[in-house]
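Peer 1: Sequence:
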Amino acid sequence: MSSFQGKNILITGASSGIGEALAREFSEQGANLVLMARRKEKLETIRSEIQTLNPQIKITLAVADVSQDESFRTALLEAIQEVGTLDVVVANAGFGVSGEVLKLSLEDYRRQFETNLMGVLRTIHGTAESLKKSRGRLAIVGSVNGYVSLPGISAYAMSKFAVRALCDALYHELKPFGVSVTHIAPGFVVSEIRKVNNRGELKTGARDPIPLWLQMKSAIAAQKIAKAIYRRKKERIVTGHGWWIVRLYRFLPGVVCFLIGIFKIKARAEPKG
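Residue numbers are given in numbering that gives the first Met the number 0: position 272 of the sequence shown equals residue 271, and the series is strictly consecutive.
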């Protein structure tokens, strides 16, 4: 039996990576989709491909930037009016600002938080009432870097630490309404995020600094995430290496700090333009 048969599911950041993979996974389980992202052409391509395989699936496109109040609010309201009550919301939109602290501007940090944290809050505020009506499921995509920060990604890690704190509070606040909150913490998953510059722009032809053998395929990650959402898990750490890193940091933080220092581990320490 399909887990999400006939459910209405909103996914932000649905034009690539985990968001796109989740759209395909949920469609295979019979869900109707609201796909939100900035790139209209990419969303239209994904919709066409999904409906070719699953013509019975209803897919609504909501072209908007989660960092922009007005465009986001308008697109979301129109989508909800079209599909009705939402059963699942996945706040997935995000990108990574990189660079050493003293080489980044305050504007770089504002831009990072405007998408990765405020974008999540906009999504929550815009969909909470609908989820309460359906006693639905909310999933928020954070990162393993929401537990462990590295030199060169302070802005990104700060935003994901904040997302994790938000999930912890929201889990208890929405529980009385029958709404589950699942914090998703991926490690390295195949996506475009490492090919996006500090302004959130995809650099065509950019090289992914993480070797492919260390990355989990997005389709596999989507299956694990969908299962966690269906089971209303409080948290799901995705990828084996991510699980071990988080465990090690929880119980032996000094060892992690030592290893980062001794091996001079950095994560794209230079700004990406």
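Simulated from the structure, these hints should not be mistaken for lab results.
Small disclaimer: the values here were computed from a predicted structure and weren't measured.
Just so you know, not all the hints are guaranteed correct.
To be verified - Cut-off 20 Å, straight-line C-alpha distance, at most; resulting in silico cross-link-like pairs (EDC-like, lysine to aspartate or glutamate):
#1 57 - 99
#2 57 - 40
#3 132 - 172
#4 226 - 27
#5 39 - 81
#6 223 - 234
#7 131 - 107
#8 39 - 99
#9 131 - 64
#10 131 - 69
#11 39 - 64
#12 216 - 48
#13 131 - 99
#14 131 - 77
#15 57 - 43
#16 216 - 27
#17 57 - 77
#18 232 - 172
#19 174 - 113
Peer 1: State for each hint whether it applies.
Peer 2: Hints, verified against the model:
no.	hint	in the structure
1	57 - 99	violated, 44 Å
2	57 - 40	holds, 18 Å
3	132 - 172	holds, 15 Å
4	226 - 27	holds, 13 Å
5	39 - 81	holds, 18 Å
6	223 - 234	holds, 11 Å
7	131 - 107	violated, 35 Å
8	39 - 99	violated, 33 Å
9	131 - 64	violated, 24 Å
10	131 - 69	violated, 23 Å
11	39 - 64	holds, 11 Å
12	216 - 48	holds, 19 Å
13	131 - 99	violated, 41 Å
14	131 - 77	holds, 19 Å
15	57 - 43	holds, 13 Å
16	216 - 27	holds, 17 Å
17	57 - 77	holds, 15 Å
18	232 - 172	holds, 16 Å
19	174 - 113	violated, 26 Å
When the structure is compared with the earlier hints, violations turn up for hints 1, 7, 8, 9, 10, 13, 19 and for no others.
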